[in-house]
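With chain A's structure known, arrange chain B on it following the hints.
Going down the list, the sequences are from chains A and B.
Just so we're aligned, residue 1 is where the first sequence starts under the working numbering, counting upward by one.
Just so we're aligned, residue 494 is where the second sequence starts under the working numbering, counting upward by one.
Careful: at least some of the hints might be erroneous.
To be verified - Which bits of chain A does chain B cover? Going by a derived footprint, with three or more residues having C-beta under 8 Å, they are:
id, segment
1, 144-155
2, 173-185
3, 255-264
4, 339-346
5, 405-416
6, 439-451
Stated by the list, open to error - Pairs of lysine-lysine, DSS-like flavour, derived with a Cα cap of 25 Å:
id, chain 1, residue 1, chain 2, residue 2
7, B, 953, A, 194
8, B, 730, B, 760
9, A, 461, B, 953
10, A, 454, B, 947
11, A, 359, B, 617
12, B, 947, A, 461
13, A, 124, B, 852
14, A, 422, A, 468
15, A, 355, B, 760
16, B, 817, A, 267
17, B, 537, B, 686
18, A, 437, A, 468
19, A, 460, B, 954
20, B, 627, B, 617
21, A, 194, B, 985
22, A, 454, B, 686
23, A, 267, B, 814
24, B, 932, B, 848
25, B, 760, A, 324
26, A, 461, B, 687
27, A, 239, A, 267
Treat the hints as calculated values from the structure; they're not laboratory data.
Here the structure is a predicted model, which means the values were calculated and not measured.
Glycine is no exception: its CB is placed at the ideal position from the N, C-alpha and C atoms.
Read off the chains here:
Protein chains: 2
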Amino acid sequence: MKKNEGQKVSEHFLYPLFFPRNIVVVGASPNPNMGVSLYLNTYKNYGYGIERKPEIYPVNPKYEGKKIFGLWKCYKDLKSIPEPIDYVISCINAKYVSDLLRECIEVDARFLIIYTSGFSEVGKRGMSYTNEIKEILEESNYESTRVVGPNCFGAINSQIDLNFNQFAEIHPGSFSLFSQSGGFANRTVEISKKRGLGLNFGISVGNMIDLDMNDFLDFFSLDLKTNVIGLYLETVKNKSVGRKFYKKLKSISEIKPIVVLKGGKTKIGARSAVSHTGAIAGQARIYEAVFKNNAISVNSSIEFYDIAYLLTLLFPDKLLKSRKTCLIVPGGGNTVEMSDILSNISLEFIELSEKTQRKLSNLLYDVNTGFENPIDVGAYGILPEMLLNTTKIIIKEEQEIDNIIIVIQLTRILGLALGYDKFAGTFARSLGRISRKTKKNLFLIPMLDQYNPKTIAENKKLKSILNKYRIPNFPTIDRLAKSLEYYLNFYKL
Amino acid sequence: MKKNEGQKVSEHFLYPLFFPRNIVVVGASPNPNMGVSLYLNTYKNYGYGIERKPEIYPVNPKYEGKKIFGLWKCYKDLKSIPEPIDYVISCINAKYVSDLLRECIEVDARFLIIYTSGFSEVGKRGMSYTNEIKEILEESNYESTRVVGPNCFGAINSQIDLNFNQFAEIHPGSFSLFSQSGGFANRTVEISKKRGLGLNFGISVGNMIDLDMNDFLDFFSLDLKTNVIGLYLETVKNKSVGRKFYKKLKSISEIKPIVVLKGGKTKIGARSAVSHTGAIAGQARIYEAVFKNNAISVNSSIEFYDIAYLLTLLFPDKLLKSRKTCLIVPGGGNTVEMSDILSNISLEFIELSEKTQRKLSNLLYDVNTGFENPIDVGAYGILPEMLLNTTKIIIKEEQEIDNIIIVIQLTRILGLALGYDKFAGTFARSLGRISRKTKKNLFLIPMLDQYNPKTIAENKKLKSILNKYRIPNFPTIDRLAKSLEYYLNFYKL
Chain A
1 MKKNEGQKVS EHFLYPLFFP RNIVVVGASP NPNMGVSLYL NTYKNYGYGI
51 ERKPEIYPVN PKYEGKKIFG LWKCYKDLKS IPEPIDYVIS CINAKYVSDL
101 LRECIEVDAR FLIIYTSGFS EVGKRGMSYT NEIKEILEES NYESTRVVGP
151 NCFGAINSQI DLNFNQFAEI HPGSFSLFSQ SGGFANRTVE ISKKRGLGLN
201 FGISVGNMID LDMNDFLDFF SLDLKTNVIG LYLETVKNKS VGRKFYKKLK
251 SISEIKPIVV LKGGKTKIGA RSAVSHTGAI AGQARIYEAV FKNNAISVNS
301 SIEFYDIAYL LTLLFPDKLL KSRKTCLIVP GGGNTVEMSD ILSNISLEFI
351 ELSEKTQRKL SNLLYDVNTG FENPIDVGAY GILPEMLLNT TKIIIKEEQE
401 IDNIIIVIQL TRILGLALGY DKFAGTFARS LGRISRKTKK NLFLIPMLDQ
451 YNPKTIAENK KLKSILNKYR IPNFPTIDRL AKSLEYYLNF YKL
Chain B
494 MKKNEGQKVS EHFLYPLFFP RNIVVVGASP NPNMGVSLYL NTYKNYGYGI
544 ERKPEIYPVN PKYEGKKIFG LWKCYKDLKS IPEPIDYVIS CINAKYVSDL
594 LRECIEVDAR FLIIYTSGFS EVGKRGMSYT NEIKEILEES NYESTRVVGP
644 NCFGAINSQI DLNFNQFAEI HPGSFSLFSQ SGGFANRTVE ISKKRGLGLN
694 FGISVGNMID LDMNDFLDFF SLDLKTNVIG LYLETVKNKS VGRKFYKKLK
744 SISEIKPIVV LKGGKTKIGA RSAVSHTGAI AGQARIYEAV FKNNAISVNS
794 SIEFYDIAYL LTLLFPDKLL KSRKTCLIVP GGGNTVEMSD ILSNISLEFI
844 ELSEKTQRKL SNLLYDVNTG FENPIDVGAY GILPEMLLNT TKIIIKEEQE
894 IDNIIIVIQL TRILGLALGY DKFAGTFARS LGRISRKTKK NLFLIPMLDQ
944 YNPKTIAENK KLKSILNKYR IPNFPTIDRL AKSLEYYLNF YKL
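This is chain A alone, in the form it adopts within the complex (with noise of 0.2 Å):
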């Protein structure tokens, strides 16, 4: 794996995008049901910018000199605003955009998010606006003002909270999001916290008239916080910044992985993404080849995740090794049903020694077990504690293994009555202080009942623990699979 080298991140020109001293809403309303409010109400309501709080403006003619949400002094206009300006966003009607693009470059603003939409994607009029737009751009030689959008909602940086998204905060973490789609940035955030994907930047970019993923891809693989790149894209403007891209794509993926989802593989998907983001996805095949050995490209925004969130729990330091693995489950046919899914995907089950067997068959009795590998543990699944003890016993007596799967039946453990109250604390730390000993992977799947509010606590504790332990867990056997025969893929193991 090759390490970055040279510029520092906070010398890029997308810094103060991420790390802005300042933000303008322009078109700001104290009205809290207005669009605009999205941005307020989520500066308002997080703790955005705890180490480093940028000042927030709103700006709006109508209620110049008034607080918005009691807060912040609303201001006329641009030029008004006592500080030189990082971040403006718009929030007006798409026919006042390139009025509000000159004033920015006039006062030297680094970045306009329009939030506006209404151009490329809808048509003639909002076609003639865009070229506006290009124009005033080309004009300041890109010089002054950087565009982001329109269409778009902007950035999002968990270092210093700044969100976009009132119903969820962000997860911390080391994955940075690239997206044409404002909504899926958005779940993103909202997928962060639930998932355990752990979000370091987001940008959301819309039409792309100015910025693109060439720039972020650059600012995310300079940054060392960043392990994992994701990006979710529509379309490529031209070919230009294809063949950029293809560059880019194959150098960055040597340092670090990048997971892609490509929307608009199919002719109706296509056909969406041109009223989405106003542009014309290219076809499949050509993205296929672009894809190919330089990302990780998925079919879905469920694989997306789950991919991601496996990456960074892996990267870079607990790699996989091989696919030889050890699969432990309660029941014969979750053992037959997981063994086939697992071997589809070419996972090796090695026949465990002779010795392993005796002792796994001295810890549970061998009526309706069985201990070749897989190791169906039977009735006993429902005993934490010989699950750990199994688990140890693999760990010890099997050098060749690499990877050790564990399943068990939440809910069953649960409804029993045998005081496993606390259970999914106690097992996740003890799993954690194993893990922590081997260097072995282990990965845990939690069969439970998703309508029981019970396991439904307890399995969210265990998943939180176990992630900070970075063991992986996965809702099923067949999504851990699926991530798996991505990254075994990808790392060509």
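Structure of chain B alone, referenced to chain A:
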């Protein structure tokens, strides 16, 4: 579609297995933690046999004359039981089972379910027990007691609340299950409630020393309450059973759909199947040839339950008419991704007529929305009435379209302070009413936060009402797509 003729299910020799007049549990114990007690606990706790209550007779010479669980007098042996016996469950050590079978034959008990494990699945000693049982059966010319198992749980019948899963009640319905694995049958009971997969009969058969899938396929095909048949199969005993099986699949699949999950298709899966149900699983290719055109053969239990659920809602009078579909989604990124996923299974998205698009743009202002098909309702997706009205416009205007897939953002709808506290009930019922008046098939995907107790509870309500209206709903678009793919291919649409 053919109809069954001739024999009544109540005349079939298996009828007393599913509608027993009495159940004898041999090896009964007053200790609630013994394996045997799972039967007695279940029979005690559920409304077992509400209409036609079978007598329960515990048998164990140790406790003769005592009451077990304060409910049932314990008997010494089968001979002392005061009525003709239908159903005997063996919970005794494998070495005594052949004696029990002899006793069964002596008193002419109809069925012996061998819950006991430790037969052919555990090697030589177990194999000799197996052979002994086979010899006794052959001597009796299979004219008296018939055997289910060993290494299984036996019969499930939701009509009389006959169940062996102490953790879950059965959700009654039209799906009947044949399972080699007892664990799989147990999970099916749990899933039946959670997933809305209504269960009629279920049988878990283990090693199939006597009765096998062909017997139960016969029975299920005759049963008028069974609309969909599911098989979890690890192995086929021999070629003659296999040939019969092929013929049965062929003829029954013309009457009602059959879903198969074949466990042990891979080498490692097959190795697990040996220690599980004691037989060597056959080659994957042979099975695929057997299932082709005669069953829907799936690759995981999630797929199994999903397609079974879909079929029980649609079969026989709501079958899909074509691949012509309209998708209604909030948000551009969602629309593009879901379009891709659904296009990949060859759903057809005809572009909507100009008239329809005009009507839609009158309803939903045209910024950040798309009306060609898929329909991106954008931010209007948080307004349930907009989703319902969009659906109504499609139903009214678009004769050619047969399927409408509606995606809602449940978490977001409930998260906003717009007064949708009773959203789930109101929305589901409105959609149900719309569905009743149209010949089109409706589907719903409720995007939700799996860890938010409020949305979980609302989703449960939503699902339960939609299921009553027979509107299939899936937690994610991927899972709907997979099920539809199996469906469309099987029905050659």
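Right, here's what the structure says about each hint:
1. 144-155: violated (count 1)
2. 173-185: n = 6 at 8 Å, threshold three: holds.
3. 255-264: Coverage by chain B holds here, the residue count being 3 at a Cβ distance below 8 Å.
4. 339-346: With 6 residues closer than 8 Å to chain B, the segment 339-346 of chain A meets the three-residue bar; holds.
5. 405-416: It holds, with 3 qualifying residues against the three required.
6. 439-451: holds (count 3)
7. B:953 - A:194: holds (19 Å)
8. B:730 - B:760: holds (18 Å)
9. A:461 - B:953: With a Cα-Cα distance of about 22 Å, the restraint between residue 461 (chain A) and residue 953 (chain B) holds, given a limit of 25 Å.
10. A:454 - B:947: Answer holds: residue 454 (chain A) to residue 947 (chain B) is near 14 Å, not above 25 Å.
11. A:359 - B:617: holds (21 Å)
12. B:947 - A:461: Cα-Cα ~18 Å, so holds.
13. A:124 - B:852: Roughly 21 Å between the alpha carbons, so the hint for residue 124 (chain A) and residue 852 (chain B) holds.
14. A:422 - A:468: holds (18 Å)
15. A:355 - B:760: holds (23 Å)
16. B:817 - A:267: With a Cα-Cα distance of about 15 Å, the restraint between residue 817 (chain B) and residue 267 (chain A) holds, given a limit of 25 Å.
17. B:537 - B:686: holds (20 Å)
18. A:437 - A:468: holds (15 Å)
19. A:460 - B:954: holds (22 Å)
20. B:627 - B:617: holds (15 Å)
21. A:194 - B:985: It is violated: about 39 Å lies between the C-alpha atoms, which goes past 25 Å.
22. A:454 - B:686: holds (17 Å)
23. A:267 - B:814: Given that 25 Å is the threshold and the Cα spacing comes to 23 Å, the pair holds.
24. B:932 - B:848: holds (21 Å)
25. B:760 - A:324: holds (15 Å)
26. A:461 - B:687: holds (22 Å)
27. A:239 - A:267: OK: residue 239 (chain A) and residue 267 (chain A) at ~20 Å, within 25 Å.
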